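Visitor: Sequence:
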Amino acid sequence: MPATQPSASPTQQADGLVIAVDGPAASGKGTLARRLAAHYGLPYLDTGLLYRMVARTMLDAGKALDDAQAATASAAGFDDAAIDESRLRGREIGEAASVVAAIPAVRRALIDRQRRFAAAGEGAVLDGRDIGTVICPEATVKLFVTATPEVRAARRHKELAGRGEAATLDGILADIRRRDARDSGRGDAPLKAAEDAVQLDTSALGVEEAFQAALAIVEDRRRG
646 MPATQPSASP TQQADGLVIA VDGPAASGKG TLARRLAAHY GLPYLDTGLL YRMVARTMLD
706 AGKALDDAQA ATASAAGFDD AAIDESRLRG REIGEAASVV AAIPAVRRAL IDRQRRFAAA
766 GEGAVLDGRD IGTVICPEAT VKLFVTATPE VRAARRHKEL AGRGEAATLD GILADIRRRD
826 ARDSGRGDAP LKAAEDAVQL DTSALGVEEA FQAALAIVED RRRG
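Mind the numbering: the sequence shown is residues 646 to 869 in my numbering, read in order.
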């Protein structure tokens with residue numbers, strides 16, 4: 646399973662704490678989820694990697710991304726140990742993952758993997774687009790992380806440039822808006838905030854500011 650395990654000396658050990666972090670692409674949810682997992686000494690799962698793995702196997706096999714039968718077979722059959730994150734990053738694979746994620750049978754095939762991860766220990770942090778609504782509806786804390794499309798595009802442009810990938814800011818912004826529409830408009834498990842989620846807009850926040858805001862939300866929910 647593509648997860649990050651806690652360090653030997655976490656800042657604070659959690660007991661039965663499940664944190665669901667949802668939000669659109671480049672909102673900062675992954676960075677926040679990793680920081681929260683490290684802080685509380687919890688395993689972390691980037692659920693988007695599961696969909697990227699399905700997309701990767703489809704592309705490698707020369708299959709059409711909207712081939713529901715082939716995509717579902719891939720989702721049910723890949724080995725967690727075979728996941729190579731270095732092949733699952735980048736603009737192309739992110740767009741491809743959004744396409745296969747819109748297939749209801751693919752989502753159903755991956756639900757059990759995610760739920761088993763959340764229930765395996767004394768807690769967990771998962772990030773994705775339907776964690777608080779579908780995967781872990783009983784999560785202790787639910788965060789919905791947002792940012793404006795323009796801010797998210799600038800972040801993704803900087804990330805891609807850092808990896809040496811050529812992309813224009815306008816092109817990335819168009820990708821983000823197209824992906825938002827696809828993720829929010831799909832009939833099965835659309836991207837949306839759970840009713841009891843706390844929304845965190847990171848548009849004007851730096852990494853540390855966003856983390857401190859998220860941490861305050863988690864602690865407030867735990868006390869409540």
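Treat the hints with care, as some may be off.
To be verified - Once the Cα atoms are required to be at most 25 angstroms apart in a straight line, the calculated SDA-like pairs of lysine to any residue come out as:
1) Lys803 / Thr676
2) Lys837 / Ala849
3) Lys837 / Gly707
4) Lys837 / Arg808
5) Lys803 / Gly739
6) Lys803 / Thr717
7) Lys803 / Arg679
8) Lys803 / Thr785
9) Lys803 / Arg868
10) Lys837 / Gly693
11) Lys837 / Asp724
For the record, the hints were derived by calculation from the structure and aren't laboratory data. Here the structure is a predicted model, which means the values were calculated and not measured.
Visitor: Given the hinted pair Lys837 and Gly707, is their alpha-carbon gap at most 25 angstroms?
Guide: This hinted pair is violated, its Cα atoms lying about 32 angstroms apart.
Visitor: Has the given pair, Lys803 with Arg868, been kept, meaning a C-alpha gap of at most 25 angstroms?
Guide: Violated - the C-alpha atoms of Arg868 and Lys803 are around 37 angstroms apart, more than 25 angstroms.
Visitor: Sort out whether Thr676 lies within 25 angstroms of Lys803, counting only the CA atoms.
Guide: 15 angstroms, holds
Visitor: Take a quick look at whether Lys837 and Asp724 sit within 25 angstroms of each other, Cα to Cα.
Guide: 29 angstroms, violated
Visitor: Keeping to a limit of 25 angstroms between CA atoms, is the pair of Lys803 and Arg679 held or broken?
Guide: Holds, because 20 angstroms separates the two Cα atoms, which is no more than 25 angstroms.
Visitor: Check whether the Cα positions of Lys803 and Thr717 lie no farther apart than 25 angstroms.
Guide: 33 angstroms, violated
Visitor: Would you mind confirming whether the straight-line C-alpha gap from Lys837 to Gly693 stays at or under 25 angstroms?
Guide: 15 angstroms, holds
Visitor: What's the verdict on Lys837 and Ala849, does the C-alpha distance respect the 25 angstroms limit or exceed it?
Guide: Holds, at roughly 21 angstroms.
Visitor: Tell me if the straight-line CA distance from Lys837 to Arg808 falls inside 25 angstroms.
Guide: 30 angstroms, violated
Visitor: Mind checking the alpha carbons of Lys803 and Thr785 for me, to see if they're no more than 25 angstroms apart?
Guide: 33 angstroms, violated
Visitor: Given the hint that Lys803 pairs with Gly739, test it: the Cα-Cα distance must not exceed 25 angstroms.
Guide: Holds - the C-alpha atoms of Gly739 and Lys803 are around 16 angstroms apart, at most 25 angstroms.
Comparing the model with each earlier hint shows violations of hints 3, 4, 6, 8, 9 and 11; every other hint is respected.
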